[in-house]
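Peer 1: Spelled out, the chains give:
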Amino acid sequence: MMFPFLKKAVTNAFTKPSTEAFPCPEAEGLGKYRGRIAFDGEKCVDCGMCIKVCAPAAITLDREDVEGGQNIWRTFDLTSCTFCATCADFCDEGAIQMTTDYHMVGTKHEDLLVKGVTFKKTIMGELECDTDNCIYCGLCARNCPQGAITVDRTTKTWQIDHEKCVKCGICIGKCPKKVLKFGEPKPEGVVFDESKCVYCTLCAKKCPVGAIEVDRPNKTWTINRETCIKCGACVKGCPKQALSMGPIEE
Amino acid sequence: MFNKLINDSASKSPWLYHINSGSCNGCDIELVACLTPRYDAERFGFKLAGTPRHADIVVVSGPVTSQSKERLIRTLAQVPEPKCVVSLGSCPKSGNVFKGSYSVEAPLDDYCHVDVSVAGCTPKPEAIMEGLYKAALILKEKREAMHK
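Those protein sequence lines, which keep their order, are chains A and B. Residues in the first sequence are numbered from 1 upward in steps of one, following the working numbering. Residues in the second sequence are numbered from 1001 upward in steps of one, following the working numbering.
Hints in this document: simulated from the structure, not taken from any laboratory. Just so you know, even glycine gets a beta-carbon here, dropped at the ideal spot from N, CA and C. Among the clues, some could well be false.
[To be verified] Distance ranges between label pairs, derived from CB positions:
1) D1109(B) with A27(A): 47 to 55 Å
2) G1100(B) with D152(A): 35 to 43 Å
3) G1100(B) with R153(A): 36 to 44 Å
4) P1080(B) with G94(A): 19 to 27 Å
5) S1066(B) with G125(A): 48 to 56 Å
6) G1100(B) with S244(A): 32 to 40 Å
7) A1033(B) with D152(A): 31 to 39 Å
8) A1033(B) with V10(A): 48 to 56 Å
9) S1066(B) with N71(A): 51 to 59 Å
10) A1033(B) with K32(A): 16 to 24 Å
11) N1007(B) with A27(A): 33 to 41 Å
Let the hints inform the model, and build the full structure from the sequences given.
Peer 2: So, in C-alpha cells, the structure goes:
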C-alpha cells in the first residue's frame, strides 16, 4: 500500500476532534472527586471537630452576639484547603459536604470563600447525667469532640469538665440509655465580687432603675433582682471590675 | 495605528512562564496537561516561554519556600509590564498544609499582586483553563489601559 495514512486521514476528516471544547463541557464521571465544599449552617451544632481535624487550618470561626443567642460564622478558605475531606468525614451531622464542583477560579479572595452561619441559642444549662440509670458504657466520652467527659467503668463515675463542654449535644444523641440532658439554665445577672469592691457607689449611680444599694460605712452591696433589667451599665461603670454578668447562685 | 496593531496581536498571543516555587509537582503536571492536544490551551495563543523576559502571564505553583523566594522575586521583576500573575493551587495563596513551616514563606500576595487564583489541590485542567482564559482577558484590559 502506497499511502498507509490515507485511510486514517479520510476517517479523521469525518470524526469529531479529540480536543475538549471551550468553555469546557461539565466533566463527567467525577465520582468521588472532591471539589468545592458545601456547608449547611442549619445542620451544624458547633462542636468544633472540623476545626480540630483541619490540617491546613482552613476553617475559621466568627462569633457574633445577637438577641437570644449567637450567630456562628464558619468560613472555609478554599485557597487554603487541601481537599482531604477529613472535616466532612468527621462531621457527625453531615453539615459539611464535598461537592464535585471544580470551577474554583477567582480574581478576589472572597470568590474562594465558603461561608455558613449557625444560630446557637443560649438557653441551655449544663450537661447532666442521671447516674442512677447510667450503664457507664463510655459512648458519650468517646464521641465528645472536646474530650470533656470522663467515664470510669470500674469505679462507676461520670464526670464532665464544664469549661471544655461546648454544649453541642452529640453525647445526648449517642447515649443508649438516654440519661443525658441539659439542665435548667442558671439565671443570668450581675455577679458581685466582694474582694475587689471598694464601695465607691458608682454602680448605684449608674443603675437606670435604682436596683443597687451600696452602704459605704457598713460595707454592704445589695441588688434587687426583681427590678434589675440586666443592662450591664453597672458592669461597665465599675472602676475595679468587681461586677460581671454571669450565672447567679440562688 | 502601529501600536494598535501590536496590541491587538499581542492580546491573541499571551505567553506563559511557569515558576515552581517548591511545588509537589502535582499542579505542574496539570498545567502541562492543559497544553496537551486534549485541552489545548494553545488555541488561545498560549505558549510556554523559555525566559521570563518573553512572558506576559506568570503561573506560580508551590508554597514559596525560603530557598525559592529570592529567585521568585527576581524572576517576577524580569517580567515586562503589563503582566498577569496566576497562582496555581492552594499552596501559593496560603501555604496549604505547609503553613507555619520554618522554610515556607507563603502567601505569594506578600511579594506581588495575584490577579487570578485557581483553587484546588490540585486543580482540574478544566479549572486551570478557565483561570488562564480569565488571566488573558485581564491582561488585555491592562494593556489597553497602559496605552491609552
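Peer 1: None of the hints should be skipped; say for each whether it holds.
Peer 2: Now the hints, each set against the structure:
no., hint, verdict
1, D1109(B) with A27(A): 47 to 55 Å, "29 Å, violated"
2, G1100(B) with D152(A): 35 to 43 Å, "37 Å, holds"
3, G1100(B) with R153(A): 36 to 44 Å, "39 Å, holds"
4, P1080(B) with G94(A): 19 to 27 Å, "51 Å, violated"
5, S1066(B) with G125(A): 48 to 56 Å, "52 Å, holds"
6, G1100(B) with S244(A): 32 to 40 Å, "35 Å, holds"
7, A1033(B) with D152(A): 31 to 39 Å, "57 Å, violated"
8, A1033(B) with V10(A): 48 to 56 Å, "30 Å, violated"
9, S1066(B) with N71(A): 51 to 59 Å, "40 Å, violated"
10, A1033(B) with K32(A): 16 to 24 Å, "20 Å, holds"
11, N1007(B) with A27(A): 33 to 41 Å, "35 Å, holds"
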